[in-house]
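Hey, can you work out the whole structure from these sequences and the hints?
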Amino acid sequence: MEQWDVVVIGAGVVGSAVARELARYRLRVAVLEKELDVACGNSSRNTGMLHAGFTYKPGSLKAECAVEGNKEFDQVAAELGVPFKRTGKLVVGFTDHDMENILKFKAIGEQNGVEGMRIIDKEEVERIEPHAGGEFAMYVPSSGILDPMAYTIALADNAAQNGVKFFFDRKVTAIERYIANDCYLIHTPAGAFRTKWVINCAGAYASQISEMLGYPNYPVRGFKGEYFVLDKKAGEFLKIPVYPAPNDKGGFSTHATPTVDGNILVGPDSYVTEDWEDYKCTKDHLDGLIRDGSKMFKQMRREYFIRNFAGIRWKRVDEDGNVLDFKLESDQQHNPNTVNLVGIESPGVTCALPLARRAVARLVEVEKPQVNEDFDPVRPAPKRFYDMTREEQAAAIAEDPEYGEIVCRCETVTRAEIRRAINNPLGVHTVTGIKNRTRATMGRCQGGYCETRITEMIEQELGIKPTDVRFNHAGSYMFTGPVRGAQASDEAAEGSVSA
Amino acid sequence: MKHVDAVIVGGGPAGLAAAIELRRKGIDDILILEREKKPGGILRQCIHDGFGLTRFGETLSGPEYAARFVREAEALDIPCLTDTTVLEITPDRHVYASSSEHGMMEFEAGAIILAMGCRERTRGAISIPGTRPAGVYTAGVAQAYINLKNKMVGRRVVILGSGDIGMIMARRMTLEGAKVLGVFEVQPYASGLPRNVEQCLNDYGIPLSLSHTVTDIRGTDRLESVVISQVDDHMQPIPGTEQEYECDTLILSVGLIPENELTWMAGAEKDPGTSGAAVDENYQTTVPGIFAAGNVLHVHDLVDFVSLEAEALADGAARFIREGALPACNLAVRGNELVGGLTPSRISGTGDVTVSFRVRRPLRNCTVELMQGDTVVKRRRMPKALPAEMIQIKLKADDLNQTDDLEVKVTC
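Residue numbers (the working numbering), protein chains in the order written: chain A, 2 to 500; chain B, 9 to 420.
Treat each hint with caution, since some may be false.
Covered by chain B, according to a simulated footprint, are these stretches of chain A (three or more residues, beta-carbon under 8 Å) [to be verified]:
hint, stretch
1, 4–16
2, 275–283
3, 467–473
DMTMM-like cross-link-like pairs, simulated, lysine to aspartate or glutamate; straight-line CA separation at most 25 Å [claimed, not checked]:
hint, chain 1, residue 1, chain 2, residue 2
4, A, 233, B, 277
5, A, 384, B, 277
6, A, 384, B, 269
7, A, 233, B, 269
In case anyone wonders, no lab produced these hints; they're calculated from the structure.
Where is the CB? At the ideal position from N, CA and C, for every residue including glycine.
Pasting the structure below:
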């Protein structure tokens, strides 16, 4: 059996960041993920905010890592080729109570080291963003927007490019410790992994893994929220995230946020769920988003809806239900060679790299591994065809003619880009995986034009049967077989209409 | 950059018919740009018959219908660049298009014919609640997989929406051995053609349930079931009427939307009634020299009418190419509350015009009056009018004045 130095459990944004930071050392690292791609859980099911850090308790890990993660993100985005905009944020209020809360969190933010926050009047709100609601606002210049899925993919790609191995469809079912051999055996339905170190980055399931490692099964509570995704046509009306004043505990209800790709997200609302993967959207909550979202964003119209989704923040709570800080721990005496990360939720995307550095530091302190002199922090990220000038597009097609074939019309994604995505460094082959790497099918027709082409390219590029194409999960087959009596001939299949 | 007298965006039925008619009117320099690998548009995947009764007086399959136009265009030597996607149209009629074979292309067009057709409304657009498993397809995507790619998308099927493609897919999947549990329509009437209710559903014993919709989608990997609820007069689900249907496939046939991204890029104004471009009696958009016809303008029931409309467009486009301008159309066209999807939106009063619209709900014994001021230009009595059937009324220039707006009144 192969011997690993470190097994990271979970390929969300934190697991991928940990993998990337581990790659800075000469270590044999495996990442085990139960899904078929990175960021299938809550790492991608969020607003995509780079948080400033003004709502977290001073001195907490959340506050410390958010401010640190925020400050460094321009460099991180440049290294990893991740689209990112430091848009700033408007926290808008309507009432005196809103103003009280805004001032309270402004003070907390200042204590946390958040710079440049200021209270502005309605006139300035309208000058910054004419489509924002609110009678006054706090302007937070350091907030920004990013695509959390693209960011996680970039972290994982960069880790893989520096030697980390990712294993998908590997749900951890048990962990055994072999004291004599100073190692752990991590069991999955597809075989066991032997490793010296284990780092728990299991997100929603972190408490279960925590218990398998010998730490407590920390109580967590799921706060679910639903979102609408609005058409890029609506994107013209909003250039900066607009949040309502926080409630007394620092929580935000439904807000409107532009995405880095030019869409608008409206949501999330917040309600408690018991189900680990309760990602369904519900009529009542979507109706609520329409009602509450209109207060933040005056152009909230049904004609702009292209999709909806849900995410769950699994927060660590005490016996009285109070939300607790992120947990990052290690215990060489009782659970040697482990790092345990539990209750990592919002602002987990902002905090991923700072948390990863702190987790890896625990290992480095004990293990003192050799530094990987070959580590390259830069991930090659070719410019999207969509973002190129006409001249750049012409040059790209001249170089590689497949850039000339537009596969996804809505998002202008070319055959060259789809092919590259199918051959991604992580070996992800789902239709959703191609979508998340290219934006194909993410536009207003939702794959009506390009999905048939993408599934066909996956089959051809990988030499697999149509029945083996997967939409997102392991059991998400898209085709049940050939049409009755169908011939394999492509010409017959193409319904030729020429004479 | 190359000058072309007429650039036609889209080689489906509208684009092909416009090209052929323009050539017949003496326009030699024509170029069709088609994103698919062959011309024919959506007809390539419509292997059922019923096309051509109006245009050719016989019933053809979609590919057969398209082949007649493709052959004619080939016989007339009209060039068509396939595998070519138009990226941008500018208000001064420059067209940018790309293909693997020819790279980035720029054309300066004497006139541009928009013939991009339409796309399907999606699950997200109508906000169906539930999970997001595999097995939820729009009818057109399922049709493309089955008819063009020979891939079967499922075995146990529920269809939401009684649009024509949905009903045709109900029959198609039944013929392929799938079990179609039913077609559910949120409106109190079928949204597709009566002949399709007969031939695609009734003939195969597939139940059609009106005033019903999908209120939940269940399953994590592949679709496991959908929940269907009855809806009230305001199309809101009625609690207590939920019924769960075990199925692996949900087909959506919930409406078509004209594909107008390039139209808006070119600066053309929208007609709020059709969601397509506002056009005048010559099918000219608000941008001079840019014309639109077929499903990109307003969604038709039958391809025959798409072809006829595109042929009608050629007259104005040819005049524009020759003369550089068309007579001003200063008279508005308006409909009353029973009239939807009305085109054109402006007329001159000096030319023949075809007025197209749909009634907003099924009507019996109604009267259609086209009026200028107090003058009834044309009156038609209809024993029955359905939203699924587009009404077209031709007016002669001689019958029109040049001062009054045109009002379309439907009364019951």
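Against the structure, the hints:
1. Here's how the stretch 4–16 of chain A fares: 0 of its residues keep a CB closer than 8 Å to some CB of chain B, so the rule of at least three is not met and the hint is violated.
2. Evaluation of the coverage hint for the stretch 275–283 of chain A: fulfilled, as 5 residues show C-beta separations to chain B shorter than 8 Å, against a requirement of three.
3. Residues of the stretch 467–473 of chain A lying with their CB closer than 8 Å to a CB of chain B number 4, which satisfies the three-residue condition for coverage.
4. For the hint linking residue 233 of chain A to residue 277 of chain B, the alpha-carbon distance of about 18 Å falls within 25 Å, and the restraint holds.
5. For the given pair, residue 384 of chain A sits about 33 Å from residue 277 of chain B by alpha-carbon distance, which is inconsistent with the 25 Å threshold.
6. Only pairs whose Cα atoms come within 25 Å are accepted, and residue 384 of chain A paired with residue 269 of chain B is accepted, the gap being roughly 23 Å.
7. With a C-alpha separation of about 11 Å, the suggested pairing of residue 233 of chain A with residue 269 of chain B holds against the 25 Å cut-off.
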